[in-house]
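The listed protein sequences correspond, in order, to chains B and F. Our numbering applies: residue 68 is where the first sequence begins, and numbers increase by one. Our numbering applies: residue 160 is where the second sequence begins, and numbers increase by one.
Hints listed in this document are in silico derivations from the structure and should not be mistaken for laboratory results. Using N, Cα and C, we set each Cβ at its ideal position, and we do this for glycine too. Be aware that one or more of the hints could be misleading.
Unchecked claim - Now the stretches of chain B that chain F is said to cover, found in silico as 3 or more residues with beta-carbon under 8 angstroms:
| no. | segment |
| --- | --- |
| 1 | 158–165 |
| 2 | 232–245 |
Stated by the list, open to error - Using 27 angstroms as the maximum straight-line C-alpha spacing, the simulated DSS-like pairs for lysine-lysine come out as follows:
| no. | chain 1 | residue 1 | chain 2 | residue 2 |
| --- | --- | --- | --- | --- |
| 3 | B | Lys87 | F | Lys227 |
| 4 | F | Lys504 | B | Lys87 |
| 5 | F | Lys344 | B | Lys78 |
| 6 | F | Lys279 | B | Lys206 |
| 7 | B | Lys216 | F | Lys227 |
| 8 | F | Lys279 | B | Lys244 |
| 9 | F | Lys232 | B | Lys206 |
| 10 | F | Lys272 | B | Lys145 |
| 11 | B | Lys246 | F | Lys227 |
| 12 | B | Lys78 | F | Lys342 |
| 13 | B | Lys109 | F | Lys272 |
| 14 | F | Lys227 | F | Lys272 |
| 15 | B | Lys87 | F | Lys232 |
| 16 | F | Lys342 | B | Lys407 |
| 17 | F | Lys501 | F | Lys344 |
| 18 | F | Lys169 | B | Lys244 |
| 19 | F | Lys344 | B | Lys87 |
| 20 | F | Lys387 | B | Lys246 |
| 21 | B | Lys244 | F | Lys344 |
| 22 | B | Lys246 | F | Lys342 |
| 23 | F | Lys272 | B | Lys206 |
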Amino acid sequence: MTHHFFLLLRKDLRLMLAGKFFLLALGSLLFYSLYINLFYAKTDQDIYPVYVYGTHHTLPKNMDAIHFTNSLEELNDKCMDGYSVGIDASGENINIVMKSSDINTIDALRVQYAESFLQYPGRIDEADKFLSNFREPEKLIKNNSLELKNRREITCEFLFFELAAVGFLGLASLMFKEKEMGVIRVYGILPGNVWAFIFSKLTLFVVSDLVFCILLTLINVGWKPCIAVLPAVLVQTGILSMIMSLAGLLCSVCVSDFRQFSLLYLVLAIFVTTPVFLVGQTSVKLDWMLYHPMYHLFMQMKGAYFSSVTSGFVYYAVCTAAIIVLLCAVYRAMQREMAKEG
Amino acid sequence: MMTGFWYQIKNIRRDKLCILTFLLPVIAGLGLHLLPGMNLTALSEPLFGVICEELPSGTETWLRGIGKVTVYKTENEMRQDILEPSTQMIGVRKDGQNIRTIISGDELSLNRKIAGLLPKLEQNRQFTNSIYDDTQSSANPDLTLSILPAEDNRDTLLSLLAAITMVTAMFMGCTFNAMSLIKEKEDGINFINEILPITQHQYLLQKILLGFLGGILSATITAWICIKPQVSQMPFLLLLILLSTFLAALTGLFIGHFSRELMAGIVMIKAVMILFIAPPILFYLTLPADSSLYTLTCLLPSSAAFYGLMDLLTAQALHPLRYIFPLVCHCAAWSLVFVFIKRKKLSA
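Next up, chain F with everything else stripped away, as it sits in the complex (with noise of 0.2 angstroms):
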């Protein structure tokens, strides 16, 4: 068994570009690490336009107050940043003792409200403060605020390009495999390994260490890099980083077994990656973390580990019963079917 091991380690040892391809998550990381002054959680804030000098200097100060203010010298420049579908840009005019906003009209509902109630806003403030301003001063003396602070959490978005990472770290056992079975295949040697005299148990450890362990070596200094996990996080990151990279090594022997040829291959990987990693970023971004259907898609791989991930990442309590049983059913269920395909395929 250990032969068989050493003859593949030998094998890729002369190959720089599968060295590289383990090698690129990590590069990643580190691109993601050194990312200077990159702000992602103002993507999220809300954008105001508006045009020099026309807002009272008191509107304006509130503007800025609850979003991003760009100013513009003309209405055109204006409109055409309101325009461009990259960003939810809200124009903001003077209209009397008012103001008016102006939209694109294809924006989030979120941005589409908070335009509609713009000037009713503008005009509570003209005469009571918020108590979110000056508690003092506030015309609703009866009026209280209580906001908890939030947790200490990291920019929300670079940890999720982060986790992206590392599910890609994961994933290149899959790919790893994937290729290898192909290539044997393609070259015949997968008949010479049909009369060898190894059980299917060893054929399959076989097969899908080398990637496994690869994709573990990636993710793990991929992981030391973006999370510099603290001794107690250390248990479960690892046994996600086991079983996730267990799970993507064995898919790529699935995808080997069922593909004839490169192609083919190719497009199964990139399903295969799309299907598992996009999944999980939306339901992490639309479904709130206490429903019951984000614990129903924890049932789906990738998510469990790109939940985990991300718990991780924002320093949130850990649920290792939640993601790491899903996956552990995974990979047992999964090895057994492919021993049972591969059975069934020789007595065929």
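Next up, chain B with everything else stripped away, as it sits in the complex (with noise of 0.2 angstroms):
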């Protein structure tokens, strides 16, 4: 039985070794990684700009936080952004000149903004028994950065793509094919297990999925933080690794057209994953989030890449209900299809 797996084994690595499996996996990381490391690690919002034109007694002369303009005309130019503020202080009053961002909030407090650099004679008096006691905002995560956290939010995304639509996919694009070539049916007449077949697979796929994780992680988060989320990630990269590669086998097996099948479904993993990311990552409210499935096994993963959340006992027992009901599904699947082609 052992002998008959590793064998099996072998020839599945073999297969996916001469379909460029790992090759397009690599390409994948290198893709992933440097939109990471070029693009997103750096993003950032920084607070709106003020402009100044004129030089009236109440502005400070020189202060980074502002930008001095040589004419108003420039200075009505560079504030039509619905984001910009502009001081107008060339003549005898001073006029704050923006656009509205179309949200009052926003537009109360970038007003306020623009105002806290004016100095009157009176305020300043009044206010410097308070400006001891101005203090710094107190930092909850001392060691975190905008970069650090930016690196971990993206790659928690395309590590979740990737398994979500592609991990998906790999496995089922290689059933096809060897449901193509005739390999159930000689499979049918051979004497072997049907468990180890489907355990070949997935074992291959699994761990090609976590040494996927753990590069993606390690390049993209830098080893330090890697290290520390690592063991948490790897254990919801298995769980949606499994979930997903047996989805996929079930779905190669019993749907007939596969190759408009795979089309369908990329395009579906965008629109199933847009909501997911967008009230994971963002603070969208939707209420029926919580019962889409993929939502959950996101929030986790995010979880784990953050270290925060600590998952119940509820959703371990639900993954390994679905990933048990999963393996019966793909094991009747197969013997049906083997009954048919035999």
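Dock the two chains into a complex; use the hints.
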């Protein structure tokens, strides 16, 4: 039995190598890493730029946070983007110029931010009493930075997409090829075990997903935070990879025209994962999200990357049940297919 | 030529999955359109967390004026939400006569700076009213305010989702053509095609047409649902869809040409999809619309299409030349490249 299993394992590995599966995974890894390191890690949004024209006595003479312009036209031009604020200090009165951002609270904040640069004699005297009381914001995570957060966030998202979309199709396409080659028919008359057939494929794909996960995390999160989060991330990757691979296996056995199905699936994956990412990564709240199974899987994966969520017993119980049900379904489908082919 | 095309139509008529694939963006567009009460503009508002009845009511009202306030019962609950990486909440606590702020430390610069400024702004509030709230009682009589109204634009994020759906619809031609070419390759039909008495142009046209038409149909219906274009916008929209879909269909031919089997094709489609959909969104959100860098990114075909769609969706002034010209150039250049590659392969 063991010997048989390893023989199958070797055959599947050769098939994967022939299909350039590892080369393609490496390509994806390179592509994702370049994107994260060159673009996403550095994304940031700075506070509203303040443009000033003129030299009113209430204005600070030089300050890093404000930009002086050479003419009123330039000032008006600069603050027409709905984000910047302009201070026209060329006349008697100071005029704050800006274009509305369409959200009242943000407009109010922008005006108050610009006002905070103006210094009025009366106010300064009163304010001085409190100046010493200004405290820097208390930081709950001392050694975390925006860049590290960005890296964790996007690595998690890419890994999830890769496992959900491509992980599913990887095993399925291998299976589909074997089916077309008539392997199932041959297998039906051989005295082999169907479980060995399923597990050899499953093992290879789960292991390759785990290796992909380790490399992706190591390259993009950095080795120190990577070591801290890796155990939890690997557990979640294992669960997700197992579920997706089994689902792929099931579909490739059951669906007759798998080629068109894979196309449909790729598009479907985008539409299914977009709301999950939207709710998981921003403050958008959607009530029906709780019934979306992918949402829970994603939140667990994210929890693992940020080492925050400790998932409960129910989650693991449901995942185990799902894997067992899928395994049985694949077994039945294979047996049926063999009976049909044989 | 028409016979070949007719055979292909007949071929996919039985393929329900294929038809469904083209319908998917339309369904997504409908879903997006029906999405009830999802106010996505509020996403960019600053979020403040306060503890129940701790801050003076004046301070809390002021905070509500400059952001969205969530009230917590205990500090622990608040800290948990501040730590939550998907939101950028700033915790506000009482500190003598003033306030102090709590952040997690990995927020955007914008929110970190707001958190740092908040005590100062609160102090300003205590001594002078902001002209934004009340011009009459302002302590700074020589200060005036002129806010220009925002253009009548719809929800930006919703438009963004609509544009993504549209781009995906246009992209369908690419996936369809790539898959059909790979299938021909795996089945060995491409060898037969090579000896058929048709010219390279005919072959190219025939291969590209089905995915192209499907993409146009899918994109047009989605556009009709998501954008509801006015008559004056029609020509621009139509031209945009026509050119982008053609380009996508052509990309599909390239992928089909270069990938030997299904899995390679899928990975290539995925890479192209991410490469073509992600940068425009990123550039659109990060680069100011009048910068030269922004204009430069129009050279990327998907960016040009995406910006054009966003302008349509947010009812901005249209720049037909800026977006259409790069697309036309790409269409012409890549068609020539494809014909050249095919010819070279045949002669080899």
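In rising order, the numbers of the hints this structure does not comply with:
Hint check: 3, 8, 11, 15, 20 fail, others pass.
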